[in-house]
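Trainee: Quick note, the sequences are listed as chains Z and X, same order.
Numbering of the first sequence is given in UniProt numbering, commencing with residue 1 and proceeding in unit increments.
Numbering of the second sequence is given in UniProt numbering, commencing with residue 1 and proceeding in unit increments.
Simulated from the structure, these hints should not be mistaken for lab results.
Glycine included, each C-beta is placed from N, C-alpha and C at the ideal position.
Where hints are given, some of them may not hold.
What the hints assert, rightly or not - DEER-style ranges, computed between Cβ atoms:
| hint | chain 1 | residue 1 | chain 2 | residue 2 | range |
| --- | --- | --- | --- | --- | --- |
| 1 | Z | Asn180 | X | Phe231 | 56 to 62 Å |
| 2 | Z | Glu41 | X | Lys222 | 51 to 57 Å |
| 3 | X | Leu232 | Z | Asp5 | 43 to 49 Å |
| 4 | X | Glu19 | Z | Lys338 | 44 to 50 Å |
| 5 | Z | Lys79 | X | Gln339 | 18 to 24 Å |
| 6 | Z | Glu252 | X | Ala392 | 46 to 52 Å |
| 7 | X | Asp388 | Z | Asn180 | 34 to 40 Å |
| 8 | Z | Glu327 | X | Val225 | 54 to 60 Å |
| 9 | X | Gln411 | Z | Ala350 | 32 to 38 Å |
| 10 | X | Ala370 | Z | Leu249 | 48 to 54 Å |
| 11 | Z | Asp11 | X | Ala352 | 30 to 36 Å |
Chain residues, written in single-letter form:
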Amino acid sequence: MMSLDRTKAPDFQLTDRISLVQAAPYRLDNGVPLYLIRAGEQPVVRVEWVFETGGWDELLPNVSWFTLRLLNEGTRQRKAAELAEFFDQYGAFLEFQPTADRSTVTLYALRKHLPVLLPAVHEFLNDAIFPEEELETQRTIALQNLEVNEGKTSFLAGRAFREQLFGADHPYGKSQTRENLRGFGREDLVSYFNTRIAGNPFRLFVAGLVDETEVSLLNRYFGQSALSPAPDRRSYADPHLGDLQSILLRVEDKMQSSIRIGKRMVNRLHPDYYPVLVTNEILGGYFGSRLMKNIREDKGYTYGIYSQINHFSHASQLFIGTDVNKEVTRQTLDEIRKEILRLQTEPVPAEELQTAKNYMTGQFVGSLNTPFEIADRHKVRILNQLPDDYSLRFIERIQAVTAEQVLDAAQAWFQWETLVEVVAGDK
Amino acid sequence: MIPYQSFLLDNGLRVFVHEDPTTPMAAVNVIYNVGSRDENPEKTGFAHLFEHLMFGGSAHIPDYDTPLQRVGGENNAFTSADITNYYITLPATNLETAFWLESDRMMSLSFDPEVLEVQRSVVIEEFKQRYLNQPYGDVWLKLRPLAYTTHPYQWATIGKEISHIEEATLDDVRDFFFRYYLPNNAVLVVAGNVTTEQVKQLCRKWFEPIAPGAAYNRHLPKEPVQTEARFLKTGAKVPLHALYKAYHMGGRYEQAFYEADLMADILGRGKSSRLYRKLVKENPVFNSINAYPTASLEPGLFVIQGNLNRGVSLEEGEAAVQSVIDELLATGPLESEVQKVKNQAEATLAFAEVELLNRAMNLAFAANGADAGWVNGEAERIQSVTADGIAAATASILRPANCSTLHYEAQA
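Make a model of the complete structure from these sequences and hints.
Mentor: Shown next as structure tokens:
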């Protein structure tokens with residue numbers, strides 16, 4: 001028998017195409033779009049109600065957030081405790097996700113319970129009453145949680161970073177403060193709810209072991225009443241970036257500094273998007289990235305460092321973050337700068353480029369495993385009006401990026417002088 | 001339901017295969033039967049430090065991560081008091097890469113002194129980031145030694161103190177590896193778009209040549225029965241007082257675990273739970289409150305923890321928790337409550353099986369902690385719990401003499 005050569009890696013192959021379960025489009029009788037993603041083997045279902053409104057449209061900070069969080073804290077028919085009891089009784093769980101761009105209510109349940117659960121969701125989406133005492137309870141909790149968070153350098157750095165990038169008054173830049181958490185009342189929630197949620201259009205995403213039974217059920221409870229057209233969304237001037245300065249929030253008694261660095265970035269439809277994405281991956285997108293290898297695996301300054309591209313509806317950002325030993329904050333900043341400079345001056349070696357692209361390919365294939373992940377892919381595409389072949393061609397577009405394009409992207413989009421730098425801790 | 005097949009290699013490695021042809025991926029999960037409970041009390045934090053070293057190069061492969069990333073895979077690991085768990089997900093077409101990498105580091109590490117130096121720093125930063133630089137981050141560093149006087153669960157997996165990590169030597173690393181990282185002290189689970197036949201062949205090729213070692217027989221000191229209430233007051237610069245109550249209970253793979261687990265749900269799961277309803281909503285004493293079992297393999301802890309609202313003293317908070325416990329003790333759970341938490345557990349179980357990697361891990365945990373078949377009896381065990389059983393569990397666990405209480409005071 002031939003002895004096994006353990007130094008030699010086995011052969012491998014990577015797919016360049018994916019098979020993606022389709023999102024079957026339906027329309028309820030009142031025109032509400034519904035997308036059905038039938039996948040998985042477990043008897044579970046996830047239903048999402050997506051409203052095109054959020055922090056973007058509120059007149060005072062926190063109003064959209066509290067409106068969403070208080071939807072199931074009391075309706076004309078039931079008290080908060082009764083609603084909680086009802087959903088818990090069926091082992092269902094609800095999520096309320098208010099973001100700057102949109103608002104999502106998510107129901108996770110065993111499929112068999114959906115018929116009894118849907119009317120209760122309909123109830124709070126139309127008849128929520130926002131009781132004063134529930135608001136005050138949640139306000140107190142939020143104020144106290146904010147205080148706890150203000151003891152974390154990571155939180156302080158993240159908040160300052162957003163403000164620096166978008167401005168404290170812009171929907172993407174504003175944060176909870178002790179002042180603005182006290183600066184609104186029940187009537188603000190009621191007004192936001194009546195204007196932006198109740199009777200407004202929404203879209204439905206249904207995923208799991210489901211079929212047209214669920215479509216008819218949803219049509220029965222959510223397809224019968226006419227919806228008024230959504231009011232216009234508020235408009236904002238594109239936030240003007242102030243002078244780029246590095247910000248240091250000095251925090252005593254902390255052993256680590258939180259570093260946040262970044263800038264406004266290209267969106268998913270920009271011609272440079274894929275080269276930027278690959279460049280980001282090589283810089284700090286995965287465990288094998290240059291930042292991770294240098295700052296964690298070579299120098300041991302940190303438990304982790306990462307770089308990512310995030311997208312809002314009207315803006316995208318580059319975000320580099322790490323928590324490091326306070327003593328080496330400056331050295332870490334220098335090393336991040338050096339790594340970016342290296343990407344701008346030396347072409348990335350072929351093998352390193354291929355590894356990053358292959359890793360991204362595997363990640364992408366692996367992110368389509370569950371019905372919920374598949375639904376999320378479709379949702380990103382549909383809600384952001386991306387081309388139909390966006391997901392199907394993702395791998396091929398990543399694999400097509402060349403070393404020259406990475407060099408160009410690093411030079412065009414990662415200039416150190418254009419980056420916002422925030423440190424909470426010391427340096 | 002997680003269907004599986006299993007076989008045993010000549011060197012004692014136990015292998016479990018869960019075939020799922022609906023995914024293009026494969027998950028490979030390796031549990032080593034060693035955790036922080038197996039550490040020398042003077043060298044704590046070592047099992048976890050060792051986990052980091054497992055990524056620093058093995059006998060024939062200088063770099064673990066890059067070859068895996070090149071074939072589109074990713075990996076991670078975690079250490080607990082009981083076990084050290086390593087996992088990979090990758091496109092199923094490249095399954096053999098995972099076998100190549102995992103078998104080589106089971107065979108031997110490179111024992112590179114530089115890797116030890118760097119990972120020592122990384123782990124110290126992890127210690128700071130998670131336990132020292134966060135509000136309330138050090139709670140478990142204080143609560144464990146209060147609740148456990150004797151059993152090694154008395155120290156946290158990260159270690160008792162940073163100095164233990166600073167003092168680890170390469171000899172410690174070698175000893176640890178050859179004592180615990182043996183095929184006959186491990187469980188391998190392969191799940192996803194694979195076949196049992198294929199896994200058998202790959203196992204023979206890559207894992208079977210690894211020599212077994214002396215079986216590890218665990219002889220850990222038993223925790224004596226607690227006979228009187230324990231109390232510790234501590235504090236830090238945090239905005240809210242926090243209360244922790246930890247009661248001794250049984251281990252994860254005992255029927256009694258399910259009674260305690262459902263009791264925890266009755267007390268603390270969701271907005272309709274007793275603690276939330278009474279102490280966050282009706283009489284707002286707490287900002288947040290929670291109840292859960294630690295689910296360790298050996299006898300664990302039943303924990304009630306909460307952050308108090310400003311202006312409420314720790315004594316008032318504790319009395320309020322006690323009144324909720326007393327009420328449950330006096331009347332037992334309602335039938336409707338028992339049905340509710342069973343329904344919640346049923347849903348949780350179904351959702352937990354959606355993800356391939358979760359299925360692989362749960363199979364591996366059961367195989368290591370009890371027997372693999374246990375994983376498919378979960379639903380039945382939950383359904384067999386009765387209101388009387390929960391009442392009995394409440395009476396036996398939630399006794400003051402069985403409790404360690406920690407007052408974590410907010411200091412200006």
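Trainee: Each of the hints needs a verdict: does it hold here or not?
Mentor: To see whether the hints hold, each was checked on the structure:
Taking the beta carbon of each, Asn180 of chain Z and Phe231 of chain X are about 40 Å apart, not inside 56 to 62 Å as hinted. Between Glu41 of chain Z and Lys222 of chain X the beta carbons are some 43 Å apart, a value that contradicts the proposed interval 51 to 57 Å. Between Leu232 of chain X and Asp5 of chain Z the CB atoms are about 57 Å apart, so this pair departs from the stated range of 43 to 49 Å. For the pair Glu19 of chain X and Lys338 of chain Z, the beta carbons lie near 48 Å from each other, so the given range of 44 to 50 Å is met.
Look at Lys79 of chain Z against Gln339 of chain X: about 21 Å separates their beta carbons, and that is inside 18 to 24 Å. For the pair Glu252 of chain Z and Ala392 of chain X, the supplied restraint of 46 to 52 Å holds, since their beta-carbon distance comes to about 51 Å. Taken as a hint, the range 34 to 40 Å is violated for the pair Asp388 of chain X and Asn180 of chain Z, whose Cβ atoms sit roughly 51 Å apart. Checking the proposed 54 to 60 Å range against Glu327 of chain Z and Val225 of chain X shows it is violated: the Cβ atoms sit about 47 Å from each other.
For the pair Gln411 of chain X and Ala350 of chain Z, the supplied restraint of 32 to 38 Å is violated, since their beta-carbon distance comes to about 57 Å. Against the hinted window of 48 to 54 Å, the Cβ-Cβ separation of Ala370 of chain X and Leu249 of chain Z comes to about 50 Å, which satisfies the hint. Separation of Asp11 of chain Z from Ala352 of chain X is about 35 Å and conforms to the stated range, judged on CB atoms against 30 to 36 Å.
Checked against the numbered hints listed earlier, the structure breaks hints 1, 2, 3, 7, 8 and 9; every other hint is satisfied.
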